[in-house]
Amino acid sequence: MASKCIVSHLHLYPHLSLHSAIPHQHPNFSRLPPTNLSLPVKFKASFTKRCIILVPRASSSSSGQSSVGKKVYEFDPHPTLTNDDLKPTRPSQRNYHWKQMARHWVGLVVGVPAYYMAGSLVELGMAWWQGIATVVAANMILLVPLVLTGHPGTKYGISFPVLARSSFGIRGAHVPTSLSALVCCGWYGIESWIGGEAIYLFLPNSIKQSSFSQPLPWLGTSPLEFACFIAFSLVQLVAVLKGMEGVKAFQKYAAPTLIMLTSFLLIWAYVKAAGLGHLLNMSSRLSSSEFWSLFFPSLTANISFWTTIALNIPDFTRFAKTQRDQIIGQAGLPIFMGLFTFVGLAVTSSTQIIFGHVISNPIHLLGQIGGLTTMILAILGISLATMATNIAANVVAPANALVNLYPSKLTYRTGALLSALFCVAFQPWRLLKSSESFVYTWLVGYSALLGPIGGIVLADYYLIRQTKLSLKDLYSLSPEGAYYYCGGFNLAALAALVIGILPVIPGFLQKVGILSSVSDAFVVIYNNAWFFSFFSAGLLYWILASLGFERETK
Numbered sequence: 001m002a003s004k005c006i007v008s009h010l011h012l013y014p015h016l017s018l019h020s021a022i023p024h025q026h027p028n029f030s031r032l033p034p035t036n037l038s039l040p041v042k043f044k045a046s047f048t049k050r051c052i053i054l055v056p057r058a059s060s061s062s063s064g065q066s067s068v069g070k071k072v073y074e075f076d077p078h079p080t081l082t083n084d085d086l087k088p089t090r091p092s093q094r095n096y097h098w099k100q101m102a103r104h105w106v107g108l109v110v111g112v113p114a115y116y117m118a119g120s121l122v123e124l125g126m127a128w129w130q131g132i133a134t135v136v137a138a139n140m141i142l143l144v145p146l147v148l149t150g151h152p153g154t155k156y157g158i159s160f161p162v163l164a165r166s167s168f169g170i171r172g173a174h175v176p177t178s179l180s181a182l183v184c185c186g187w188y189g190i191e192s193w194i195g196g197e198a199i200y201l202f203l204p205n206s207i208k209q210s211s212f213s214q215p216l217p218w219l220g221t222s223p224l225e226f227a228c229f230i231a232f233s234l235v236q237l238v239a240v241l242k243g244m245e246g247v248k249a250f251q252k253y254a255a256p257t258l259i260m261l262t263s264f265l266l267i268w269a270y271v272k273a274a275g276l277g278h279l280l281n282m283s284s285r286l287s288s289s290e291f292w293s294l295f296f297p298s299l300t301a302n303i304s305f306w307t308t309i310a311l312n313i314p315d316f317t318r319f320a321k322t323q324r325d326q327i328i329g330q331a332g333l334p335i336f337m338g339l340f341t342f343v344g345l346a347v348t349s350s351t352q353i354i355f356g357h358v359i360s361n362p363i364h365l366l367g368q369i370g371g372l373t374t375m376i377l378a379i380l381g382i383s384l385a386t387m388a389t390n391i392a393a394n395v396v397a398p399a400n401a402l403v404n405l406y407p408s409k410l411t412y413r414t415g416a417l418l419s420a421l422f423c424v425a426f427q428p429w430r431l432l433k434s435s436e437s438f439v440y441t442w443l444v445g446y447s448a449l450l451g452p453i454g455g456i457v458l459a460d461y462y463l464i465r466q467t468k469l470s471l472k473d474l475y476s477l478s479p480e481g482a483y484y485y486c487g488g489f490n491l492a493a494l495a496a497l498v499i500g501i502l503p504v505i506p507g508f509l510q511k512v513g514i515l516s517s518v519s520d521a522f523v524v525i526y527n528n529a530w531f532f533s534f535f536s537a538g539l540l541y542w543i544l545a546s547l548g549f550e551r552e553t554k
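Residue numbers are given in UniProt numbering: position 430 of the sequence shown equals residue 430, and the series is strictly consecutive.
Keep in mind that the hints were calculated from the coordinates and are not lab data.
Just so you know, not all the hints are guaranteed correct.
Lysine to aspartate or glutamate pairs mimicking EDC-like chemistry, simulated, CA-CA at most 20 Å apart [claimed, not checked]:
1) 472 / 76
2) 468 / 480
3) 472 / 84
4) 511 / 290
5) 321 / 85
6) 433 / 123
7) 511 / 436
8) 409 / 85
9) 409 / 84
10) 472 / 85
Generate coordinates for the entire structure from the input sequences, incorporating the hints supplied.
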């Protein structure tokens, strides 16, 4: 007979008796003695096959202080739907204070892609203040879905792959988690390529001028640069394989170090360019109509910059102590991005004065500066920034998605290793070949995949379920479960996802050169891909679910 094993965390509360930890009214325990138990060893062994998950229940008092209570959840998780990485977090694991959440975002923001994004906007013709305003506006918009999606993570202690089961179905959740994981793998490749460039920068000229540095047409880059990319990918796996605790420990030291190195770079630019007057006097090269045609796709691209995190944020907020911690900890994102964008623009514009031409790539800039000290700081700064972003943003999500596919066979570590291997297929050196390909092909393009997922998840959690989920049914394959729908798939959610993506495809095909031209309507939809797909898919799902479409498919 298969044993029912419901994970017990009573050992977290040694001051409680067995009786005090279990509600008197629970029917399965009505026969227990009313006082502390002293059970025979044989009975204890059989009793521990039935156990309980204690999940903190956060609420806010009228004074604004958060309080944490304990709620008992008893259920039989299906073995193919859970393992140690997918179970709700225990009270002892919920140690993310708002300061730690803020450090998490500082580590993510201070990186080469964010710097490159800032320089790209000016390179495409915007004035410095227009670039900063675009970035801040995008991040203020994104902060809303970030906080909203983070709520179930903190309330129920669940990761995004488990949350997606409520809207897409127990088996259908593999679709959104796999799409999100693919994008994260692409980002992992981009960040690893940037780290490899830092290693390449440190190599002696004799090696960089050898035949190994000559590009191969079929590869799209040189064997030497490709080897540096692989080397950096392997180095960062050391921190990746330590799991979430390794991520937390790394961020603790990465954030202050990155702030210090960024400050040094800004001071250098200020001294060498004799102030920042050149930046403040930099005007837009765009007419009014040209600016607005650039603004909306740039806004979409900046939102897309963090859409993977906006979806997978429950992977982190499940470790937050309270809702207050996850909200306050994330509220600084627009400020952090605005400040770092200013630094990126200030340094990029200074290169025109110092070197006679604009250098928007910080790695190329450090190579131009030269000097042993600069080289060492470049390796340290770029490596640290890249690893801080990559480990936190681009490994956790695909690793959890792979674990969700095969919980009985895969763990977080094996999922992280597979994610690192997948990143090579994206050929990140091609994605970074120009500002146009990075911003308007990569960032805007994948927003059409992730936007509708976010809209559907939020519509389901807030509009349909009113923030109430059944943990038992999230881990159940029973046809009677709330999230089993039609064979484990919610056809309403899948239909809304497809319909949200389809109108964006013609504009994407035109952007990558497959179609020579498309109608202006498809161009407008593509330039606003995240907005269009997010709201259209979310609205359609809400209508279908309100009409009972998902219930009728059971």
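For each hint, the structure was consulted:
{"no.": "1", "hint": "472 / 76", "verdict": "holds, 7 Å"}
{"no.": "2", "hint": "468 / 480", "verdict": "holds, 18 Å"}
{"no.": "3", "hint": "472 / 84", "verdict": "holds, 16 Å"}
{"no.": "4", "hint": "511 / 290", "verdict": "holds, 18 Å"}
{"no.": "5", "hint": "321 / 85", "verdict": "holds, 18 Å"}
{"no.": "6", "hint": "433 / 123", "verdict": "holds, 14 Å"}
{"no.": "7", "hint": "511 / 436", "verdict": "holds, 10 Å"}
{"no.": "8", "hint": "409 / 85", "verdict": "holds, 12 Å"}
{"no.": "9", "hint": "409 / 84", "verdict": "holds, 12 Å"}
{"no.": "10", "hint": "472 / 85", "verdict": "holds, 17 Å"}
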